[in-house]
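Visitor: Just so you know, the protein sequences line up as chains A and B, in that order.
In this text, residue positions in the first sequence follow our numbering: the first is 126, and each later residue adds one.
In this text, residue positions in the second sequence follow our numbering: the first is 126, and each later residue adds one.
Source of the hints: derived by calculation from the structure; they are not laboratory data.
Cβ atoms here follow ideal geometry from the backbone N, Cα and C, with glycine treated the same way.
Certain hints may be false.
[What the hints assert, rightly or not] If you want a taste of the chain A side facing chain B, the calculated C-beta under 8 Å gives, among others:
1) Gln330
2) Asp359
3) Leu372
4) Gly374
5) Glu411
6) Gly415
7) Gln430
There are 2 protein chains.
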Amino acid sequence: MNNNHISQYKNIHPADIADYLQNLPISEAIQVFRDIPLKKAAWVLVELEHDSKAAFLDQMSSDQIAALLSEVPHDDSADIIGSLPEDKAQSVLSRLVPADSNKVAKLLKYDENSAGGIMNDRFIAVEEDMNIQEAKQLIKVQKNRNERSLYVYVVDSGHKLCGVITLRTILFGMPDRKIKKLMIPEVKAVSVNDDQEKVARMFAQYHYKSLPVIKNDRRLVGIVDATDIIDIIDQEATEDMQLMFGLSGEENIFTPWTKAMKKRLPWLYVKLLAGSAAATVISIFEPTIGQWTALAVFFPIIAAQGGSAGMQTLMITLRGITLKQIGLHDVKKAFSKELLLGFADGLAVGVAIGVIGWLWKGDIILGIIACIAMMLNMIASALAGVMVPLGLKLIKVDPALASGIFLTTITDVLGFFVLLGLGALVIHFSII
Amino acid sequence: MNNNHISQYKNIHPADIADYLQNLPISEAIQVFRDIPLKKAAWVLVELEHDSKAAFLDQMSSDQIAALLSEVPHDDSADIIGSLPEDKAQSVLSRLVPADSNKVAKLLKYDENSAGGIMNDRFIAVEEDMNIQEAKQLIKVQKNRNERSLYVYVVDSGHKLCGVITLRTILFGMPDRKIKKLMIPEVKAVSVNDDQEKVARMFAQYHYKSLPVIKNDRRLVGIVDATDIIDIIDQEATEDMQLMFGLSGEENIFTPWTKAMKKRLPWLYVKLLAGSAAATVISIFEPTIGQWTALAVFFPIIAAQGGSAGMQTLMITLRGITLKQIGLHDVKKAFSKELLLGFADGLAVGVAIGVIGWLWKGDIILGIIACIAMMLNMIASALAGVMVPLGLKLIKVDPALASGIFLTTITDVLGFFVLLGLGALVIHFSII
């Protein structure tokens, strides 16, 4: 069976093997993993999802991990070591050959969500005073490195970034020309401490293939490739969607239920607290409901319509914030658009509900009350859908995280209050 | 002022100019656009958002558009021509130089969401029978092309893809070695008709820098680069989030409100129809509510908790489907995880609500009813959160589009029915 596995996996991409292993019970997965040749196994480890990776690493000794890491680039090693408990991380690091361990240790210093945390050190840098012949020789020697990039970065004698030159200029240029004369001196770069989402947005905006990463003194320390950004954009989108609904931002179908619950349940309780506001409005009007039960029939409709229209606005605003489509100067634009939509949709839905209410009970007053409650609710939801996320952003709270709860609380409370308040007024004046 | 603009924009990236123009009133934006030098203006046009691009193109003659398109690659030209009305598209196409117009016309044949629709033709292909010297000469001549890719694709005499070779192998290889001997014969490729999301998932899974695109007979027709995929992944995530809430999938803050309304309002009406199911349940129990108004106070809480827990499950399932984390063999796993969560969260929230109900009215029966309704609701929402999207996928309906409506309808109807049904039973037996 073991031989079977080895031959079976030979032509399969490590990412696919990782997927396969993640579907097996952990003990069986580790058994299979041990039969994969070292080099391939190292790449499989790199490709595992966060939780599975932790489970695998937990079963391995520092020696075993160090042996695997010697097969992968420094940035992948740093990611794996960074996910280990502190003492095991040190132990693995000390078992790498010194050249590797120094470089990995350097990468480990950066926050995992920063440009430094996602960059790799597989770039080619030539010095500005070299000529083409010398640069070409350097590139020829650095065999493993220059497969990574079409761009060759140019540094001065202090290793500070001062230009960029394409691989083909070096390869087809006259041997004695100076790099300094041929390079493009304006080169975009990101700072090692920039947030990974900022870096991702630069790639999305400018379609770069790679970007150099520099320290404050412009020393070149790494590069980020477009291929590295794809994962980050997936993560970013997943996170935005999940935070809106009280998920961790990292949960997937393989996350153990106990871990998922730790994040989901507190949010449900917060939501319960928010829901109590709407429940309180209803409880205040209990006598009204007792006298006019038909009003209660509109509760789910008012809540659903206000919530839905508000979520529509919220999605556009939130996505605008994430994709940096929205700046403070766009607020007016977004605001007037959503307000118009709130009026128009509110009128269209409000009249529909009003007519339904009227036909259903033959009571035009009931229809009018439902219509007014619906319209005000939808206008409020449009306003809240723009203001709540932007307001949260202004006070530095992640708008994806809390906007939904604020929004539905506002629309529910307002919707029920108008509906029941108008109902109470009507009852009051009919009795008089 | 005009000279001002020209010098002002000289060192600004076309994507940033496009952003700036999109914030101006359209007539002013076009005025400014006309002052930008042709080459820069062409790239600005490429970078504009869909709606702004259409507005700009509408103001330009076929001659003007053709002049701009002569400055950009064929794939960008094809995207722009593809967005024009049929007759104007033909007119622009006929004004391009024949070499360009043939290539653009070929690209236009593919669906814009397919691999063919997103590929570019800026790849280098060498023939397998060439030697290194010949290949090198070919690359040296194709100046503009080989800036794009580190990989050089190898084709046979029928232009069929048969291998790949790195640029550096060609550049540093012995001049008389045959390409056939040095190339890697196993080369992954996508079909010209593959959906762009499938292509995007391949890049996310395997971290490719670029992928060749082939026809059914393996003829090489283009390449897709990782940089092209970043936009698609952003689009894909935006679309998934938007469809869930009845948005077009392409709306952003710059979309005119009338256009936004056309998509949003029908969905609100569908939601209204779905909400009527829950309203009907309540209307059936109107007498119960009249006798026991406290039950109505729980409506917003039951709806919000069931909906929230269901949306949590739904988000995980939907994202799993999009990111291809979930196959049919994972359903059991997802199902048991969510069911456990439904029970556990249902118990935790149900008991909390039960205790609140009991303390609030001093009525333990009310607490028990609310608790049971909440628990059943949350279990149902967990089941629905897995089953609804997978079921919709099975019958080929986009799960992002309709899952939310089905889910909240199920949880609302069930929650209200259990709450009011139990309430009615209690009333019935108390009277007896």
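Visitor: Does each hint hold? Answer for all of them.
Guide: Hint check results:
Given the 8 Å rule on beta carbons, the hint for Gln330(A) holds: about 5 Å separates it from the nearest Cβ of chain B. With a least beta-carbon distance of about 6 Å to chain B, the hint placing Asp359(A) at the interface is held under the 8 Å criterion. Nearest Cβ of chain B to the Cβ of Leu372(A): about 6 Å, under the 8 Å cut. The hint holds. For Gly374(A), the shortest C-beta to C-beta distance to chain B is roughly 11 Å, which exceeds 8 Å, and the interface hint is violated.
With a least beta-carbon distance of about 4 Å to chain B, the hint placing Glu411(A) at the interface is held under the 8 Å criterion. Annotation: Gly415(A) was flagged as interfacial toward chain B, and the flag holds, the nearest CB pair being 5 Å apart, inside 8 Å. This hint holds: Gln430(A) has a C-beta 6 Å from the nearest C-beta of chain B, less than the 8 Å allowed.
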